[in-house]
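My request is simple: use the sequences and hints to build the entire structure.
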Amino acid sequence: MRKIKELIIEKTLMTSALITIAVTLGIILVLSIEAIQFFSEVSIFDFLTDTQWTPLFTEKHFGILPLLSGTLLTSFIAISVALPIGLTISIYLSEYAPKAFRKAVKPLLELLASIPTVVYGFFALVVVTPFLQGFFPDLAGFNSLSAGIVMGIMIIPYISSISEDALHAVPASLREASYGMGATKLQTAFKVIVPAASSGIIVSIILAISRAIGETMIVAIAAGQQPRLTLDPTVPVETITAYIVQVSLGDVQHGSLEYRTIFAAGITLFTFTFLLNTLSYRIRKKYQEKYE
Amino acid sequence: MEITMENPKKKDVVLDSIVDTSLKKTPKIETKNIKVWYEEFNAIKGISMSIKPNTVTAFIGPSGCGKSTFLRLFNRMNDYVDGFSLEGKIKINGQNIYKKNVNVEELRKEVGMVFQKPNPFPKSIFDNVAYGLKIQGIKDKQLINDRVISSLKQVGLWEEVKDDLKKSGLALSGGQQQRLCIARTLAVEPSIILMDEPTSALDPISTAKIEELIFQLKQKYTIVIVTHNMQQASRISDYTAFFYLGELIEFNKTKNIFTNPEKKQTENYITGRFG
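Residue numbers (the numbering used here), protein chains in the order written: chain A, 1 to 292; chain B, 1 to 275.
Possibly wrong hints are sitting among the right ones.
As the list claims (entries may be wrong) - Selected chain A positions facing chain B (in silico; Cβ < 10 Å):
#1 Thr58
#2 Ala97
#3 Ala104
#4 Pro107
#5 Asp165
#6 His168
#7 Ala169
#8 Val170
#9 Leu174
#10 Arg175
#11 Ala177
#12 Tyr179
#13 Met181
#14 Gly182
#15 Lys191
#16 Lys286
For the record, the hints were derived by calculation from the structure and aren't laboratory data. Glycine included, each C-beta is placed from N, C-alpha and C at the ideal position.
Here it is, written out as structure tokens:
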């Protein structure tokens, strides 16, 4: 009787694992099939080099670059905000803050990541943009600057939390060694602890970038829907994710070329996040056992 | 142990003369009625002792007797322990090191420390030894270079590592790592070196090397070493202090402690009847 029970549990667990893998494979399969059909009509060369993205216009261009630049620009702004703030927080929490404070603040910070992104999006559109327009009157109503900044706030906990874990995992014996030689707390933090935790910190940054690239709601709401090849943060742009939302919600006919553009855009996005996640996995694997 | 206990008279005379001249100098470390608490726990219950320059003093006693806590008072390493509080005075080179305006970083340059487990930084061998100088803001490459080489030579590691100074300190063997940690401490040129069971994680051959090194370092430094190894204490130290339950039971020349202890508790401990 007990054996049967064990067997049922084991099979159930295995089935859940298999379903997860099957779903992932299914998504990749659908993405690939539709993308291949897309690329049978549009050459990959045009897709990668054309500087215009106008699949919904009469004169169609299928250059991914404007969408890609929008994605990279907003992500870059987000990381520029999140990296210094997130790292400062993690070093403070790990090296300076009293234990009780650390225990209380860490989960609160992680709350930042659990606010619905649609809330962030409207926050960027109706609070941050008007605020910034006070300083830059030329700032457009939709722009990558405020979307990027708000996205940066959203990904702060990815950096602060994972980096703090990495800093905290550095053996106390290294801190003692450094203090024992007359180093100050600041010197110990930056010359010993941060380098020793660098692999974990890099992983946190990569995961944060990956999250920023895949973020949809904030940029769809606050950055605009105008595919434009530019590095100017004050004008409307469109990211890959925002474009996919736009087409999915519109009245594009299923099976048409316009419809398939979202799969081509999707597979581009997937390639990026997949590469970044693989990279972070590799880094973590490579340096994990350093102190054990 | 046998050698020290039944050593020929000649050696005794030599040891006595060293001790006698050093007696005339002012104490390197002096503590007066030191009491330590961790929260409510009274870890040290009033210890007074003075340690003379250029001697090796061994702290022995069963686990939890307070010997490591006492050692870590000398470079204020207990400051980081939650609930730590201290009563009494500790003078190093005649200065009270727990006074308010004392610069703890300066103190630790004067009082170096070697830990139980080798703990090299995840940096190159060179950078490990140069670390103490670099954090002092020393930029003179020639000076750093010379100091790294002489420190590595002092610990007998130079011949073994001179061709791969860029290799990670973590790539060395346990015994080499511990000698690297000693070299790192020497590079800052302290006058006192505290050692907290420096050989307890090492094999016998590495242990012998470190002990020999301690014997040489005595010429230039004052060394205080915590050890669980009775033979080690008798081999390398001039003075031995026996701690028990937060109290200093007996403190005397090592040969007296090991051949003719005054207290019954000391005798029981060194003969292995408890602890």
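Here is what the structure says about each hint:
1. With 10 Å as the threshold, the beta carbon of threonine 58 of chain A stays out of range of chain B, its nearest partner Cβ sitting at about 61 Å, so the hint is violated.
2. Hint on alanine 97 of chain A is violated. Least Cβ distance to chain B is approximately 13 Å, over the 10 Å limit.
3. Proximity of alanine 104 of chain A to chain B is violated relative to the hint, the smallest CB-CB distance being about 17 Å (cut-off 10 Å).
4. Interface restraint check for proline 107 of chain A: the shortest CB-CB distance to chain B comes to about 22 Å, outside 10 Å, so the restraint is violated.
5. Restraint check, aspartate 165 of chain A versus chain B: the minimum CB separation of about 17 Å is more than 10 Å; hint violated.
6. This hint is violated: histidine 168 of chain A has a C-beta 15 Å from the nearest C-beta of chain B, more than the 10 Å allowed.
7. Because the closest C-beta pair between alanine 169 of chain A and chain B is about 13 Å apart, greater than 10 Å, the hint is violated.
8. With a least beta-carbon distance of about 9 Å to chain B, the hint placing valine 170 of chain A at the interface is held under the 10 Å criterion.
9. The restraint placing leucine 174 of chain A at the interface with chain B holds, with a minimum CB-CB distance near 6 Å, inside the 10 Å limit.
10. At its closest, the beta carbon of arginine 175 of chain A sits 8 Å from a beta carbon of chain B; the interface hint therefore holds under the 10 Å criterion.
11. Interface hint at alanine 177 of chain A: satisfied, since its Cβ lies 5 Å from the closest Cβ of chain B, which is below the 10 Å cut-off.
12. Taking 10 Å as the C-beta contact cut-off toward chain B, the hint placing tyrosine 179 of chain A at the interface holds, the least distance being around 7 Å.
13. Hint status for methionine 181 of chain A relative to chain B: holds, with the closest Cβ pair at about 4 Å, below 10 Å.
14. For the restraint placing glycine 182 of chain A at the interface with chain B, the shortest Cβ-Cβ distance is roughly 4 Å, inside the 10 Å limit, so the hint holds.
15. With a least beta-carbon distance of about 7 Å to chain B, the hint placing lysine 191 of chain A at the interface is held under the 10 Å criterion.
16. Evaluation of the lysine 286 of chain A hint against chain B yields a violated restraint, the C-beta minimum of about 14 Å exceeding 10 Å.
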